[in-house]
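Engineer: Below are the chains, spelled out letter by letter.
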Amino acid sequence: MLGLSFLLSIALGAVTIPPGNALRILLGKLPWFEFSGDWPSYFETILFDLRLPHSILVALTGMALAGSGASFQGLFRNPLADPYLIGVASGAGLGAIIVMSIPQMGRYLIPLGAFLGGLGTIAAVYRLAKVGRMVPLTTLILAGVAIGSFTSALTSFLMLISDEMILQAMSFLLGGSTVTGWEPLIIALPYFSIGLTLLVLGGHSLNVLQFGEEQAQQLGLNVERVKIFIIISASLTTAAAVSFSGVIGFVGLVVPHIIRLVWGGDYKKLIPLAILGGGITLLLSDIVARTIMAPGYLPVGIVTSLIGAPFFLWILRRAKKEVFW
Amino acid sequence: MKQKGIPPVLQIRSLSANYGDVKALKDISFDVQRGEIVGLIGPNGAGKTTLIKVLSGVLKASSGEVLINQKDVNSFSPSQRARALAVVPQARQLGGAFSVEQAVLLGRTAYLGFLGKPAREDLIKTAWAMKQTAVDSLADRKLAEISGGEQQRVLLARALAQDTPVMLLDEPTNHLDLRYQVNLLKLVKKLVKQEGLSVLMAMHDLNQVSGTADRVVLLANGHLKAIGSPEDVLTPENILQAYQTEIETFTHPITNRHIIFPVE
Numbered sequence: 642m643l644g645l646s647f648l649l650s651i652a653l654g655a656v657t658i659p660p661g662n663a664l665r666i667l668l669g670k671l672p673w674f675e676f677s678g679d680w681p682s683y684f685e686t687i688l689f690d691l692r693l694p695h696s697i698l699v700a701l702t703g704m705a706l707a708g709s710g711a712s713f714q715g716l717f718r719n720p721l722a723d724p725y726l727i728g729v730a731s732g733a734g735l736g737a738i739i740v741m742s743i744p745q746m747g748r749y750l751i752p753l754g755a756f757l758g759g760l761g762t763i764a765a766v767y768r769l770a771k772v773g774r775m776v777p778l779t780t781l782i783l784a785g786v787a788i789g790s791f792t793s794a795l796t797s798f799l800m801l802i803s804d805e806m807i808l809q810a811m812s813f814l815l816g817g818s819t820v821t822g823w824e825p826l827i828i829a830l831p832y833f834s835i836g837l838t839l840l841v842l843g844g845h846s847l848n849v850l851q852f853g854e855e856q857a858q859q860l861g862l863n864v865e866r867v868k869i870f871i872i873i874s875a876s877l878t879t880a881a882a883v884s885f886s887g888v889i890g891f892v893g894l895v896v897p898h899i900i901r902l903v904w905g906g907d908y909k910k911l912i913p914l915a916i917l918g919g920g921i922t923l924l925l926s927d928i929v930a931r932t933i934m935a936p937g938y939l940p941v942g943i944v945t946s947l948i949g950a951p952f953f954l955w956i957l958r959r960a961k962k963e964v965f966w
Numbered sequence: 008m009k010q011k012g013i014p015p016v017l018q019i020r021s022l023s024a025n026y027g028d029v030k031a032l033k034d035i036s037f038d039v040q041r042g043e044i045v046g047l048i049g050p051n052g053a054g055k056t057t058l059i060k061v062l063s064g065v066l067k068a069s070s071g072e073v074l075i076n077q078k079d080v081n082s083f084s085p086s087q088r089a090r091a092l093a094v095v096p097q098a099r100q101l102g103g104a105f106s107v108e109q110a111v112l113l114g115r116t117a118y119l120g121f122l123g124k125p126a127r128e129d130l131i132k133t134a135w136a137m138k139q140t141a142v143d144s145l146a147d148r149k150l151a152e153i154s155g156g157e158q159q160r161v162l163l164a165r166a167l168a169q170d171t172p173v174m175l176l177d178e179p180t181n182h183l184d185l186r187y188q189v190n191l192l193k194l195v196k197k198l199v200k201q202e203g204l205s206v207l208m209a210m211h212d213l214n215q216v217s218g219t220a221d222r223v224v225l226l227a228n229g230h231l232k233a234i235g236s237p238e239d240v241l242t243p244e245n246i247l248q249a250y251q252t253e254i255e256t257f258t259h260p261i262t263n264r265h266i267i268f269p270v271e
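One line per chain: the protein sequences are Z and A, in this order. All residue numbers for the first sequence refer to the working numbering, where the first residue is 642 and numbers rise by one. All residue numbers for the second sequence refer to the working numbering, where the first residue is 8 and numbers rise by one.
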């Protein structure tokens, strides 16, 4: 399914490359395949220089958002935690923009800035939202929205005073994925791979945490250490996602929720499945974004928010009688 | 119940703890022997739950020692402590998405690695604990789908799977109907005998305490007010002092059990 969405993603766009040709062009690059090229040569250029890096970045971004969303939900024992809603993504966006606005800093530092921005935000939100030993739903969302608006405001301010990059930054913040080529992908890849691996490894600890921090500790879990581990790995993946794709809402909320409804609440399965589902979802949303107004390009964040926001309201209504939390 | 020559499994020595500036436990000392059930009673806010939190490491003691098999557990890591002492909390809607078997297996957390991959022994212990508490037939049911009494037995099974010499129970019969209350206390008694556990159990119902516990500890305002057999501790004077409630006591004509009635 992920492979299929990926194939569609590299095939469709302003110029449509038949999926069969796209697959043959790709496989033809491998030493043990040989295909005769009955397609125009610019297909290969579009595929390798534009579509392939773009689609890989989109897939990884979706994976990162859904994986970190699932982990944040497990950590806060709250179905509405999402890197976007609790402000981490906005904080990471601010971190990325700060790095971009300082000319001496290269693009290589953008994910690091995003990571530190996200980490700072989650620390602030967690402290504000904590009531005693609990992190209740209402305070979590309120603190996330407040800190998120604050960091977004700072981001807008930074964008206004550094005019030459307004356009670039604007579409970046809408979840534009306008950055193309292999360079951003290579820069963000370590963050993606380390973050996603750590998230998958944290599944068992999240399971124990579902019984509350007190019981988790009594069962022998080093709760404080585990919380830091989850927060760092989820912030790493969020930062990687935000660095070159901007703030894309609701993927981290909707995908884990659907996975939980279908496959249950075991985080050892939930996190890998959410990661796969996130990749598929964002690839498909991105195809819609690129084709619906072709040859124009709609920021993919608009598509995910248009679908995600109503879904969010639906979960909010359901959450009242939800017994699986 | 004192056994000569064998040191008590759980020894609490001059234990004190604070919530912020509030002194919640003041200089508590008592022992629990192997195969003994000690009932922990006292009015709300007396320090029962605090004592369980301090013993299980959720709340730090401000002074004093907790020895299990003569080792001070206050210096233990969470996983070391969880191999020495298990807690049965009150059944609440937590972890409802897990199956009974998954929940009981989490009792093995302290023995599992970071990834939580169970070894053969963990699965054997889990199956054994479910059988002992008669929840094996519910293995695949979700916690959210079973009754409160069944949930409480699952939590007992989880603590049993933890394979510890000491078990603490925090008002385990709360919110259960009479049938499940009786059923659970019987089960605890059976397991204590069979496995030689040392049990400290916080309880509300004084008649259940007198029917279940070998000895009783009475807490009030964070102090240990009395300790001894149910007949010695559950006296009208002690109860009046701790609960500001007058009671009368009787001895059951057939079972000789100590029975408490509030004065009308």
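No lab work stands behind these hints: they were computed from the structure. The reader is advised that the hints may include incorrect statements.
To be verified - List time: in silico BS3-like cross-link candidates among lysine-lysine, alpha-carbon distance up to 27 Å:
#1 A:K149 with Z:K909
#2 A:K138 with Z:K868
#3 A:K149 with Z:K910
#4 Z:K909 with A:K124
#5 A:K67 with Z:K771
#6 A:K149 with A:K138
#7 A:K30 with Z:K910
#8 A:K30 with A:K67
#9 Z:K909 with A:K138
Engineer: Each of the hints needs a verdict: does it hold here or not?
Structural biologist: So, going through the hints one by one against the coordinates:
1. A:K149 with Z:K909: Between A:K149 and Z:K909 the Cα gap is close to 17 Å, so the pair holds against 27 Å.
2. A:K138 with Z:K868: violated, 34 Å
3. A:K149 with Z:K910: Within the cut-off at roughly 16 Å; holds.
4. Z:K909 with A:K124: holds, 10 Å
5. A:K67 with Z:K771: holds, 20 Å
6. A:K149 with A:K138: Holds, at about 17 Å.
7. A:K30 with Z:K910: violated, 44 Å
8. A:K30 with A:K67: Cα-Cα ~12 Å, so holds.
9. Z:K909 with A:K138: Roughly 26 Å separates the two Cα atoms, so the pair holds.
The structure fails to meet hints 2 and 7 from the earlier list, while all remaining hints are met.
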